[in-house]
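Keeping their order, the protein sequence lines are chains A and B. Our numbering applies: residue 1 is where the first sequence begins, and numbers increase by one. Our numbering applies: residue 74 is where the second sequence begins, and numbers increase by one.
Since the hints were derived computationally from the structure, they do not count as laboratory data. It is possible that some hints are incorrect.
Sample of chain A residues at the chain B side, in silico, Cβ under 8 Å [said to hold, decoys possible]:
no., residue
1, Met1
2, Leu22
3, Ile23
4, Ile25
5, Lys28
6, Lys30
7, Ile32
8, Leu33
9, Arg34
10, Gly35
11, Glu61
12, Leu62
13, Gly63
14, Thr64
The C-beta atom is built at its ideal place from N, Cα and C for all residues, glycine as well.
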Amino acid sequence: MAGQIKCMIDSIIQQRARGDPLIRIMTKSKLILRGVDPDRFSGSSADDPEVMVIIKAIAAELGTALESTKERN
Amino acid sequence: MPIATAYSTKPLPDAVADLKRQCGNCQPQVVVFFASPRYDPHAISQQMQAAFPDACVVGCSTAGEIAAGKMMSGSVVAMFLDADVVEDAAAAVVGNLRSGPRVREAFAEFERRFQTPASHLDIRKYVGLVLVDGLSGTEERLMEEIGNRTDVFFVGGAAADDLKFQATHVFAGGRAHANAAVLVLLRLKRDFKIVKTQSFKLTGKRLVATQVDEALRKVVQFDHRPAVDAYAAAVGVPQKQVAACFMRHPLGLMVNGEPFVRSPQRVDGQSMVFYCQIKQGMQLEVLEGTDIVADTRAAIQAGKSAMGAISGLIDFHCILRTLELCNENRCDQYGAIFSGIPAIGFSTYGEEYLGHINQTSTILLF
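Given the sequences, and given the hints that come with them, work out the whole structure.
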């Protein structure tokens, strides 16, 4: 599988920003400062389990919900 | 005048009386003050609140102060914000930082005061100040906790103590606190802008942190090599000379095209200890110093152009920049950038803006 990390990141940013471009940039910045650079992941990036654990933790801290791939499938 | 500033070099209690005299007819909603550690922290906090009993009075200790177009030491500087600037304000103390910064109560207080969930505050009307014990080592976690609760920008600095590294204090409500942070939430009546400026260019060389001890702000390995070895190769000096390169060649975490500077503090064996955390896997640019005075002047000018005019500013200015300016005998030139603007600032043990950063001037413009 590939591309899950980008989906997770996009979901965090979208939920947090609620359409506000300034908050979108801010949320991206918060992710980078927490060790996850959204620009380093694309739809073809491998689903690194360690990175996914980190992103799930960040999502929880930011109060955003991540739908798991299993649930989506 | 909606924003007034003052400074004094007198001892207590005359210093506070001096500031109050300079405040004149201003009826401040908020008083922000930065005090040299030569002032007793408890006495100055108590006396400042007593002098302005109806205001939200906050501040912290310093490693040098900025006001009236001058860089100073041994002084206390203050900014007075009246009701034409601040519609409402609230301050909260986050204590016991070393046990883990817990901001829930502070934000509950803000939500009660402003009758709005912190997650829904209008980020164009509200701005936060954060002043934090600069020896707590908890700034990153504090900023993350704030960033979890709200999208309001919190900007500020780490309290300092003239490079003694013994005790730093934050002030609120007439009390002085160590191992604590003061958060201030302002609802403003006018526009504001945050300027984060640092004087570095990219060298084109990169290091990836492949083994770290986050809690100790230590990098053990870059690029799977001992950190000192990899850093020395990147800056092109023998390993024994790396410490001499730290100020001119810190590392930058690129965030939306801007470096968030991570400054090396010291060598620890083959590891490197930084003034802020570097996380495992972070890709960092090796930076090279440029002209602090010229870059800051340009940043202020750009801020002025964007806002039309600057009514006042608070400069959270890294002590490492102060040391560099002192070494180059350019403190007067730096201070002069703010001439004609109601401005205060202090030399910090780190700046706060989205996260904890080093070697910047992080400036709140009104």
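For this session: Taking the numbered hints from earlier one at a time, note which ones the structure violates and give those numbers from smallest to largest.
Result: 1, 14
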